[in-house]
Each structure stands twice: as structure tokens, then as C-alpha cells.
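Spelled out from the first residue to the last, the chains are:
Protein chains: 2
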Amino acid sequence: MKFVIATRNSHKATELKRILEELDLDCELFTVADFPGAPEVEETESTFEGNALLKARALAKFTGLAAIADDSGLCVDALDGNPGVLSARWSGATENVDQANLELVLEQVKDVAPENRGAEFVCAAVAVFPDGQELIAIGEMLGHLLDAPTGENGFGYDPIFVPQGFEISTAQMSATEKDAISHRGKALNDLAIQISEVISQF
Amino acid sequence: MKFVIATRNSHKATELKRILEELDLDCELFTVADFPGAPEVEETESTFEGNALLKARALAKFTGLAAIADDSGLCVDALDGNPGVLSARWSGATENVDQANLELVLEQVKDVAPENRGAEFVCAAVAVFPDGQELIAIGEMLGHLLDAPTGENGFGYDPIFVPQGFEISTAQMSATEKDAISHRGKALNDLAIQISEVISQF
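Protein sequence lines, in the order shown, are assigned to chains A and B.
Under my numbering, the first residue of the first sequence carries the number 294, and numbering increases by one thereafter.
Under my numbering, the first residue of the second sequence carries the number 294, and numbering increases by one thereafter.
Derived from the structure by calculation, the hints contain no laboratory data.
Honestly, I wouldn't trust all of these hints.
Same chains, same label: a pair holds when it works inside one copy or across any pair of copies.
Unchecked claim - Cut-off 27 Å, straight-line C-alpha distance, at most; resulting in silico cross-link-like pairs (DSSO-like, lysine-lysine):
hint, residue 1, residue 2
1, 305, 471
2, 305, 479
3, 305, 354
4, 354, 310
5, 471, 403
6, 354, 295
7, 310, 479
8, 471, 310
9, 305, 295
10, 479, 295
Model the full assembly from the supplied sequences, consistent with the hints where possible.
Here it is as C-alpha cells:
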């Protein structure tokens, strides 16, 4: 079975491939980088699954292959669930974007009491098949926000997020540790199981 | 929408493309010749749709694209529906196969009274999507057998078959005339309509 993943990030493709192989699925994975001319999709929806579906549908149409996409973000309780789907462009910065976004969130929650600094990472992972069948999986990672960035790994808001049950930020974890508990890891695992159910009948 | 057709015959691909375009479907068609290494499939089923599905499933798996295949043959009343799915290899000949097959059928029905020389061409056209969804369309062309080959066009058993309502063999018709009434034309039209219903929701 061939899939194309709506990412240029080979780490994500490798991670998904590993999960699919663990499920004993014989899959060949491509990324959008393998298809020159694939359309850039604007993320205009108000939900993670909406944006992920936009990306997967466009790529399935362009390639004729089953397409996988994800969309994720940080939802902060004290910010009414924001930045949410706007996580990647929260600050509006065009340089050092991750840093600017994270600093803006810290600024916005600086007066919030420790017990109200709850937040969660959310990921929607979707698969769209060329006949229009769509699979949707949601993964969440609960936790709270730090006062200042800590740790060098990961990306995005990782340096200010501590998962429930841990005392280190996700930027202090190895990729493997983080994948095991992360919103994206959970969503991709769930999606892979759904995919295996669909294509095992084939 | 991209499809791959389980044929190396560019005439079939062109014909199907014309039908899909008439339905206002924006489709890009490939043939198995565009995919070096695509598996050869043995037609081991006892029905036309069974064999067409074998071919389409194998090609959908190999390419990751939606695949279209057909299988067809001549069913002679006096031969209990044979040669049927065995039409292409009825005589067992390896050279001048069409001629040998046709001569064997003529020999087998030579004592059959004119009123019992009914026969039909049957075609199963199928589409298989990468998630396993399958569409099946059957087309038939009723008629009767001649005593001797007549006409130079077409292929297979065309020179000994006269469609109902006509007084010439399908080998005396132009490709366009034949497509308009043929089992394959009907099956592909029906399949194209089913495909349009599936992908118009996408």
C-alpha cells in the first residue's frame, strides 16, 4: 500500500513508517517532497481535523494516492484554548517564529496563577483515500506551562510545556520519549490502527 | 483524479478517457505500461468480474492508485455458455490464436440449427480503489453466430458474431459503431457513471 504524507519533514514520515510497520502493514511512504508541483494549502479551518483534511484531500487529488496529514497545536486553558489552530502563526513573526510565538504565550499567561496554567497539545491525524473515504484520529497530551523556556530538544512550544506526570519539559525529552506520550504519537498510532482495519480487508 | 487501467492497449485507455470526459470528470489515465514491474495476473476465476477484480486489485496494490480492469468473452448458448472466461485461450493455440479459437467454436456449433445459434458477448468492467472499495459493471451484447468468418475489423470472435437487430458482423463495423452497442462500451459507460458518483463527493 502506498501513502503520501503531507509533510516535507522526513522525521514525521520515518516515525509514521515505524508505527505502520509495527502493525505489520506493508506500506510504502512518500512525502509531498516526492511530488513536485503539489499544491500549497492554506489552513483556513477552525479545527485541527479540518485543516488536516484540507491538506490530505488536496494531496490525494494531486497524487491519486491515499494521503495522510496532521495538524496540531497548543491549547492553553487561560487563553480560552488559544493559540490552538493558530499555534504556528500566533505572534505573526516571520523570523525566529517558534521563539516569538512561545514568548507571546508566556507574556499572555504571566499573571496566571500556577494552578491555572493548564494546557494541552492536540493533534489531528487524518487519512484521505482517492475515493473520498476519510479516517480521523485525535491525540492529546495534557500538561501545564512553565514560566520560562527549558530544554533544547523538540520544537514549537516544547520548551514551555510539562506533560502531566512529568517534571521536565517536552524539550528536555528525547524524540523517542516524547513520541511515546505525545499528542502526535497517539494520533498517528490511532490512525495507523484505523488504516490497518481498512486495508487489511483489501 | 488519477486512474491506472489494467491494459497495455492504448485504444481501451483512450476510449475510457472519452467516456469519463463526457461525464465531465477530470481524470488522468495511466495504463499498466506506465508502471514497469507491475505484476502479470493469472485469470483463475470462473467469472468475468472475478478475473477483472483480480487484475484491478493487483494493480491498485502495486501502484497505490485507483485501478480499472475489464474481462470479457463470448458465451455461446449451444456450448452451455462456453467459451466464456476461457474465450481467449479456448483452442489452446499459441499462434494465430484468434483464428484458432474462432475456428474451434465454428466446428463445435456446425450441426446446431440456425435458431439455436444464439450467443452473447459479456464484459465486466471494474474499478478498485486503494482502500478496497470495488465498483462492478456488466455489459452484454446479444446476437447469433455465423457459419463462417465475415469482416476484417475488430478482433477475437468479431468475425462470426452478428448483434441482435443487425445483419452484419461486429467485424464489419467501424470501432465507433461497435463501441456504441458493444458489451465493453456498455460496461465502461456504466462503470464511469458509478465512478462519477463516488468521486463527485470528494
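Consistency of the hints with the structure:
In this homomeric assembly, residue 305 and residue 471 come within 27 Å of each other (Cα to Cα) only inside a single copy, at 13 Å, whereas the closest approach across copies is 52 Å. In this assembly of identical chains, the alpha carbons of residue 305 and residue 479 lie at most 27 Å apart only when taken from the same copy (13 Å versus 46 Å across copies). Taking the shortest Cα distances, residue 305 and residue 354 sit within 27 Å of each other both inside one copy (21 Å) and across copies (23 Å). For a Cα distance limit of 27 Å, the shortest separation of residue 354 from residue 310 qualifies both inside one copy, at 22 Å, and across copies, at 17 Å.
In this assembly of identical chains, the alpha carbons of residue 471 and residue 403 lie at most 27 Å apart only when taken from the same copy (26 Å versus 78 Å across copies). For the homomeric pair residue 354 and residue 295, the shortest alpha-carbon distances inside one copy (14 Å) and between copies (8 Å) are both at most 27 Å. In this assembly of identical chains, residue 310 and residue 479 lie within 27 Å of each other by CA distance solely inside one copy; the values are 14 Å within and 42 Å between copies. Within a single copy, residue 471 and residue 310 get their C-alpha atoms as close as 17 Å, which meets the 27 Å cut-off; across copies the closest is 49 Å, which misses it.
With identical chains, the CA atoms of residue 305 and residue 295 are at most 27 Å apart both within one copy (16 Å) and between copies (26 Å). For a Cα distance limit of 27 Å, the shortest separation of residue 479 from residue 295 inside one copy, 22 Å, qualifies, whereas the shortest one across copies, 32 Å, does not.
When each numbered hint is compared with the structure, no violation occurs for any of them.
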